[in-house]
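> Sequences are here, hints too, so could you generate the full structure?
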Amino acid sequence: MAQDTSRVQNILIIEPDPSLRWLISRGLQHQGFHVIEASSPLTVPVLDAQQLHLLILDVDNDTQSDWSLLEAAQAHPHFANLPTIVLSWEQSSAEPRQRQQAARVNTNTKTYTQTIYQSKPFDARVLLENVEHLLAESAAQEAVVAARAEEILLAAYSAKTPPSIWPLITAAGILLALIGLMLQITFTVLGILIAVIGLLWWTLGSKPSQRYIM
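When the letters of the sequence shown are read in order and numbered with numbering that gives the first Met the number 0, they come out as residues 0 to 213.
Keep in mind that the hints were calculated from the coordinates and are not lab data. Owing to the predicted nature of the structure, the values given are computational and were not obtained by experimental measurement. Ideal placement from N, C-alpha and C gives every residue a C-beta, glycine not left out. Misleading hints may appear alongside valid ones.
Said to hold, decoys possible - The following label-pair restraints were derived from C-beta to C-beta distances: (1) 123 / 39: 18 to 24 Å; (2) 173 / 142: 38 to 44 Å; (3) 148 / 122: 37 to 43 Å; (4) 178 / 148: 41 to 47 Å; (5) 169 / 74: 30 to 36 Å; (6) 29 / 88: 24 to 30 Å; (7) 172 / 145: 37 to 43 Å; (8) 125 / 145: 17 to 23 Å; (9) 75 / 121: 47 to 53 Å; (10) 132 / 74: 20 to 26 Å; (11) 141 / 71: 56 to 62 Å; (12) 195 / 173: 29 to 35 Å.
As the list claims (entries may be wrong) - Straight-line Cα separation of at most 25 Å, DMTMM-like style, residue types lysine to aspartate or glutamate; simulated pairs: (13) 119 / 59; (14) 119 / 16; (15) 119 / 131; (16) 119 / 141; (17) 119 / 36; (18) 119 / 70; (19) 119 / 65; (20) 119 / 89.
So, in structure tokens, the structure goes:
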């Protein structure tokens, strides 16, 4: 799937395994994404929440999965609204054996954020498909929110602004000014035309009389 190059999309990878983190990062960078790497939630650099578009989180801790990492990430103010891909060797007891999408609601913003659970080992192409799917869903949701905000703003403006007669009066004044200007030009042209005709008639009509001597 072709990426939209008009806006660089930032992906945060929290992966404790340096080799796997390197592989995921290089694969996403090859597709045109900007990748921010961290080995754990505690080592994530200070970022503006608006700079992030997606989170890839590996919840494996040595030989077992630590699902409290996912709960901590979802509770973090910077990651709460981020679409998330969760990587793990084990499946959570609340999740089926197959990859599943889930939506979590943020009560503060009234928005739904997608989460995809992906088991390891995984196909890099499947991971890329999940990344593109979540980013597309997030962009569509942002467009819907922006459209609703615009509708609310227009409705509030219409409710607070009663209809006025002044635009009509202004248009009528401009129309009268144009009519007056056109009439003035017409009378001016007509006067000049009459003066020219009179001058020509006077000049051509008054010829000197000739006398003949016998």
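> Evaluate the given range 18 to 24 Å for the C-beta pair formed by residue 123 and residue 39.
Given a distance of about 23 Å, which is inside 18 to 24 Å, the answer is holds.
> Does residue 119 pair with residue 89 here, judged by a C-alpha cut-off of 25 Å?
Measuring from Cα to Cα gives roughly 8 Å; hence the hint holds.
> Starting from the range 37 to 43 Å, see whether the pair residue 172 and residue 145 falls in it by beta-carbon distance.
Taking Cβ atoms as reference, residue 172 and residue 145 lie about 39 Å apart, which means the hint holds.
> Could you see if the CB distance from residue 29 to residue 88 stays within 24 to 30 Å?
Holds - the Cβ-Cβ distance for residue 29 and residue 88, about 25 Å, lies within 24 to 30 Å.
> Could you tell me whether the CB distance from residue 141 to residue 71 stays inside 56 to 62 Å?
violated, 25 Å
> Range first: 29 to 35 Å. Now tell me if the beta carbons of residue 195 and residue 173 are that far apart.
Taking Cβ atoms as reference, residue 195 and residue 173 lie about 33 Å apart, which means the hint holds.
> For residue 75 and residue 121, compare the CB-CB distance with the range 47 to 53 Å and indicate the outcome.
Since the Cβ atoms of residue 75 and residue 121 sit about 24 Å apart, the hinted range of 47 to 53 Å is violated.
> Could you check the hint for me, namely that residue 178 and residue 148 are 41 to 47 Å apart, CB to CB?
This hint holds: roughly 45 Å between Cβ atoms.
> Could you say whether the range 38 to 44 Å given as a hint is met by the Cβ separation of residue 173 and residue 142?
holds, 40 Å
> Hint check: residue 119 vs residue 59, CA-CA at most 25 Å. Holds or violated?
holds, 10 Å
> Take the C-beta atom of residue 132 and the C-beta atom of residue 74, compute their distance, and say whether it sits inside 20 to 26 Å.
holds, 24 Å
> Hinted pair, alpha-carbon criterion (25 Å max): residue 119, residue 36. Please report holds or violated.
holds, 19 Å
Hint check: violations occur at hints 5, 8, 9, 11 and 16; the rest are consistent with the structure.
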